[in-house]
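Quick mapping for you: the protein sequence lines, in order, are chains Y and A. If you want my numbering, it's the position in the first sequence, counting the first as 1, plus 317. If you want my numbering, it's the position in the second sequence, counting the first as 1, plus 7.
These are calculated hints, taken from the structure and not from any lab test. Please read these numbers as outputs of a predicted model, since none were measured by experiment. Heads up, a few of these hints could be off.
Here are the simulated lysine-lysine pairs, PhoX-like style, with alpha carbons at most 25 Å apart [to be verified]:
#	chain 1	residue 1	chain 2	residue 2
1	Y	459	A	338
2	A	10	Y	327
3	Y	440	A	10
Residues of chain A clear of chain Y, computed beta-carbon distances all greater than 10 Å [claimed, not checked]:
#	residue
4	49
5	54
6	83
7	303
8	308
9	401
10	405
Cβ coordinates follow ideal geometry from the N, Cα and C atoms, glycine included.
Each chain is listed here by its residues.
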Amino acid sequence: MAGGALSHIKVLDFTTHVAGPYCTKLLADYGADVIKVERPGVGDSARAMGPFPGDIPHPEKSGLFLHLNTNKRSITLDLKSSAGKKIAIGLSMDADLIVENFRPGVMGRLGLGLEALQALNPKLVMTSISNFGQSGPYRDYKSSDLLVYGMGGEMNSTGLDDREPIKLGANIVLYQAGSVAAVGSAGALFLSQDDGTGQLVDVSIMETQVGSIDRRMSALIAYQYTGENSVRAPLGASGYPIGVYPCKDGYLEVTGGLIYFPRVVQMLGDPPELLHPRWYQPESQTDPELKGEFEAHFLSWTLQHGKREAWRIAQESGVLSGPLNTMEDLSNDNHFNARGAFAQVDHPATGSLKYPGRPFVMSESPWDVRRPAPLLGQHNQEILEELGYGSSDVARLRTQGVI
Amino acid sequence: MSKLPLEGIRVLEMTVVWAGPYCTSFLADMGAEVIRVESLATFAPLTRGVRAHPTETQLQNQPLFMGGYPDRQPGDRPWNRFPIFNVHARNKRSMTLDLSQPVAMKIFKDLVKVSDIFVENNVVARMDELKIDYQMLKELKKDIIMLRMPAYGTTGPYRDFRAFGVHLEGVIGHTLLRGYTDMDASGTTPVYMADAAGGSHGAFAVLAALHHRRRTGKGQYIELGQAEDAMPMMGQFFMDYTMNERNSSTTGNRHPTAIQGCYQCQGKDRWVCITIRDDQEWWSFSQVLGDPEWASDSRFAHSLGRWEHHDEIDSHISLWTLQMDNFEVMKVLQEAGIASGPVMNQQDSYDDPHLTERGMFQEAAQEDTGTHLYPRAPYTMSQTPLDILRGPVRLGEDNEYVYKSVLGYSDSDYDKLEAQGHISMDYPEYME
Numbered sequence: 318m319a320g321g322a323l324s325h326i327k328v329l330d331f332t333t334h335v336a337g338p339y340c341t342k343l344l345a346d347y348g349a350d351v352i353k354v355e356r357p358g359v360g361d362s363a364r365a366m367g368p369f370p371g372d373i374p375h376p377e378k379s380g381l382f383l384h385l386n387t388n389k390r391s392i393t394l395d396l397k398s399s400a401g402k403k404i405a406i407g408l409s410m411d412a413d414l415i416v417e418n419f420r421p422g423v424m425g426r427l428g429l430g431l432e433a434l435q436a437l438n439p440k441l442v443m444t445s446i447s448n449f450g451q452s453g454p455y456r457d458y459k460s461s462d463l464l465v466y467g468m469g470g471e472m473n474s475t476g477l478d479d480r481e482p483i484k485l486g487a488n489i490v491l492y493q494a495g496s497v498a499a500v501g502s503a504g505a506l507f508l509s510q511d512d513g514t515g516q517l518v519d520v521s522i523m524e525t526q527v528g529s530i531d532r533r534m535s536a537l538i539a540y541q542y543t544g545e546n547s548v549r550a551p552l553g554a555s556g557y558p559i560g561v562y563p564c565k566d567g568y569l570e571v572t573g574g575l576i577y578f579p580r581v582v583q584m585l586g587d588p589p590e591l592l593h594p595r596w597y598q599p600e601s602q603t604d605p606e607l608k609g610e611f612e613a614h615f616l617s618w619t620l621q622h623g624k625r626e627a628w629r630i631a632q633e634s635g636v637l638s639g640p641l642n643t644m645e646d647l648s649n650d651n652h653f654n655a656r657g658a659f660a661q662v663d664h665p666a667t668g669s670l671k672y673p674g675r676p677f678v679m680s681e682s683p684w685d686v687r688r689p690a691p692l693l694g695q696h697n698q699e700i701l702e703e704l705g706y707g708s709s710d711v712a713r714l715r716t717q718g719v720i
Numbered sequence: 008m009s010k011l012p013l014e015g016i017r018v019l020e021m022t023v024v025w026a027g028p029y030c031t032s033f034l035a036d037m038g039a040e041v042i043r044v045e046s047l048a049t050f051a052p053l054t055r056g057v058r059a060h061p062t063e064t065q066l067q068n069q070p071l072f073m074g075g076y077p078d079r080q081p082g083d084r085p086w087n088r089f090p091i092f093n094v095h096a097r098n099k100r101s102m103t104l105d106l107s108q109p110v111a112m113k114i115f116k117d118l119v120k121v122s123d124i125f126v127e128n129n130v131v132a133r134m135d136e137l138k139i140d141y142q143m144l145k146e147l148k149k150d151i152i153m154l155r156m157p158a159y160g161t162t163g164p165y166r167d168f169r170a171f172g173v174h175l176e177g178v179i180g181h182t183l184l185r186g187y188t189d190m191d192a193s194g195t196t197p198v199y200m201a202d203a204a205g206g207s208h209g210a211f212a213v214l215a216a217l218h219h220r221r222r223t224g225k226g227q228y229i230e231l232g233q234a235e236d237a238m239p240m241m242g243q244f245f246m247d248y249t250m251n252e253r254n255s256s257t258t259g260n261r262h263p264t265a266i267q268g269c270y271q272c273q274g275k276d277r278w279v280c281i282t283i284r285d286d287q288e289w290w291s292f293s294q295v296l297g298d299p300e301w302a303s304d305s306r307f308a309h310s311l312g313r314w315e316h317h318d319e320i321d322s323h324i325s326l327w328t329l330q331m332d333n334f335e336v337m338k339v340l341q342e343a344g345i346a347s348g349p350v351m352n353q354q355d356s357y358d359d360p361h362l363t364e365r366g367m368f369q370e371a372a373q374e375d376t377g378t379h380l381y382p383r384a385p386y387t388m389s390q391t392p393l394d395i396l397r398g399p400v401r402l403g404e405d406n407e408y409v410y411k412s413v414l415g416y417s418d419s420d421y422d423k424l425e426a427q428g429h430i431s432m433d434y435p436e437y438m439e
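I would like the entire structure built from these sequences, with the hints used as guidance.
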């Protein structure tokens with residue numbers, strides 16, 4: 318078995334919830350040895366968040382936690398105790414990367430700031446993930462995934478013109494921040510492994526939205542170019558057919574307006590009434606009467622087809638489209654199952670379950686679930702022994718509540 | 008100061024629209040030499056424009072992020088003025104060739120021989136047509152890293168299906184998880200999180216492969232199907248189906264336990280987001296509002312009761328926010344320890360003291376658009392600052408550099424290729 322791409326990297330992980338753990342999941346799933354430091358007794362806050370099997374909360378059965386923490390080892394440490402701090406410092410001496418998402422300043426107060434640790438381990442990279450970054454007037458502000466999308470991302474033009482702006486699915490912006498943090502971490506490590514440069518990678522979740530390719534950066538520069546702000550438009554304001562259309566059994570998303578209109582006409586079987594030149598004038602796509610006429614025609618077609626059938630026919634004419642799937646549709650999808658896009662993961666508390674799988678396939682250094690998400694403190698003994706503690710030390714630390 | 012992390016790494020890209028170019032922008036920001044290989048024979052829609060030669064009226068009618076060329080004017084070279092392109096094209100280089108002529112493949116192959124990475128995100132048929140695959144690249148450069156980012160991968164029933172990010176999100180189930188709770192799914196407007204995910208995951212993939220290559224001397228083939236790639240971000244929803252066979256639906260702007268919403272404020276189209284998590288925050292919130300009688304209603308004393316009467320609480324909150332400026336709401340609530348922040352439009356972002364202090368926008372110049380403030384990389388590095396060193400690259404801007412310095416072609420070769428139509432800063436006139 319070939320090793321993962323990052324199997325030479327050791328990561329000390331002080332993250333909780335979604336953004337930080339997703340960053341370290343990417344590193345771990347592609348080979349890095351990730352030691353997850355958790356609070357004794359409670360652990361990562363995601364352990365208390367659902368979904369749970371049968372909706373019964375259990376710290377070892379959170380679907381969110383299990384998904385986000387594959388391939389990591391868990392050690393519990395009371396970072397406020399001196400013995401706990403000593404262990405954390407010991408582990409950081411041997412680490413290439415620390416990832417943390419405490420409130421800004423907390424690592425420093427715990428004696429685990431980058432400067433202090435670099436005195437012992439100069440090539441150390443620290444990736445700090447926070448809501449607003451390690452500096453600036455909003456540094457200590459509280460946040461949520463709604464808030465950070467509203468402040469950073471393109472929420473102001475998401476939704477309808479006569480309604481409130483609306484956010485993305487739960488936690489999406491946090492996953493995105495985690496993936497950006499993984500990019501910064503892997504880049505900084507590429508340098509530190511070469512010339513020993515350690516440094517701080519400062520990831521502000523807000524900035525991962527300001528700098529997002531999902532419309533925001535383009536709208537920002539368009540403001541610079543025009544002085545205009547983006548707006549929420551009425552449905553279907555940019556040509557037809559564009560948007561979500563009901564089908565016999567659900568919905569189909571179609572982008573078939575503007576330059577793509579002829580493909581849609583072909584998909585509908587080239588009906589003579591849609592071949593008339595009036596549909597192909599430069600301003601036809603912005604004519605509301607033509608739009609109304611077309612949509613009546615188009616809807617009668619979509620409503621006669623199932624979403625997957627409509628999708629297949631649309632694709633035969635090269636029409637950009639996709640059905641709105643449920644998780645059930647996705648889980649049962651032949652294409653994704655055939656490609657191995659899901660993973661079957663066995664875990665002592667839940668048994669074997671189907672998880673989302675690899676984001677991408679690497680031919681020489683594959684994604685792999687070497688171990689499921691850890692039980693809280695599962696690797697205390699193993700990790701401490703690697704650090705040179707004897708089994709009596711471990712027993713003492715346990716009694717003292719350090720681990 | 009240290010050198011940038013990817014100094015000395017050369018990336019070739021044949022990327023379109025958003026996901027591919029976003030991926031390589033991360034690499035360019037970190038110092039890789041990223042060369043866009045751009046064909047003059049085809050105009051990939053939504054890459055350097057919806058059309059090569061848009062009319063002024065067309066630009067007027069498009070949403071800002073598409074039609075927002077400088078002053079909504081196409082200008083002499085519209086392909087250098089497209090907002091969708093210009094935000095990811097910083098720190099990159101551009102060379103042109105005419106891929107409809109067989110000799111262009113020789114040029115491309117010469118480039119592969121001196122490159123480390125090749126990135127593309129076209130429909131699978133496009134690379135088939137050009138006969139570009141990993142085997143071919145590997146024969147030219149043994150340790151090359153190839154990243155392909157087609158919508159659904161290069162195998163399986165959907166391999167040739169066409170999609171933008173918005174369709175991929177439908178397929179992986181995101182679209183049904185967002186939108187207004189009182190409307191059906193036809194009320195959802197497009198978002199493109201799969202492009203963002205593809206970009207950052209793609210860059211991470213390339214970096215992981217570079218780490219691996221340094222350790223083993225081996226290049227490799229990476230396949231990132233953009234739909235699959237964004238599935239891990241559906242984590243809790245997928246796991247809920249796995250565990251409970253439950254299909255979630257949209258919860259709008261709401262939070263599973265907190266009081267949360269986006270509320271209208273004073274002024275035209277001004278909004279503020281608020282998240283009130285627990286009893287302590289609820290108490291602080293009512294203090295900020297001057298301890299109104301409604302807030303001490305016993306039904307609202309605990310989080311479950313508040314959540315059950317969320318609509319009623321929302322209408323009270325709105326009455327308060329409607330009389331307030333949205334930045335003022337943030338200020339007073341954050342001072343009281345409650346998560347709150349305005350929905351920022353573009354002007355708000357550029358005026359924002361926090362983003363300004365953190366240097367989120369950097370000035371960059373480009374001949375066909377002038378000098379403007381562009382968003383920098385979405386994170387910072389303390390020892391190797393990731394600055395915008397070059398403005399958004401113009402079509403063919405680096406032809407001379409690439410053909411002569413990178414490839415070592417002679418002046419006379421260069422002139423010959425120019426006469427054959429490979430080298431230009433303009434798309435042909437006949438192209439719409």
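Hints versus structure:
1. Distance restraint check for residue 459(Y) and residue 338(A): the Cα-Cα separation of roughly 11 Å lies within the 25 Å cut-off, and the hinted pair is therefore satisfied.
2. Distance restraint check for residue 10(A) and residue 327(Y): the Cα-Cα separation of roughly 23 Å lies within the 25 Å cut-off, and the hinted pair is therefore satisfied.
3. This hinted pair checks out: residue 440(Y) and residue 10(A) have alpha carbons roughly 15 Å apart, not beyond 25 Å.
4. The non-interface label for residue 49(A) is consistent with chain Y: the shortest C-beta to C-beta separation is roughly 13 Å, beyond 10 Å.
5. Listed as outside the interface, residue 54(A) is consistent with that label: its C-beta sits roughly 13 Å from the nearest C-beta of chain Y, beyond the 10 Å cut-off.
6. Non-interface call for residue 83(A) relative to chain Y: holds, since the shortest CB-CB distance, roughly 15 Å, exceeds 10 Å.
7. Annotated as non-interface, residue 303(A) keeps its C-beta farther than 10 Å from every C-beta of chain Y; the closest such distance is 23 Å.
8. Against the 10 Å criterion, residue 308(A) stays outside the reach of chain Y, whose nearest CB is about 22 Å from its own CB.
9. With a least CB separation of 15 Å from chain Y, residue 401(A) remains clear of the 10 Å interface cut-off, as annotated.
10. Chain Y leaves residue 405(A) outside its interface by the beta-carbon criterion, the shortest separation being 21 Å against a cut-off of 10 Å.
Hint compliance for this structure: every hint is met.
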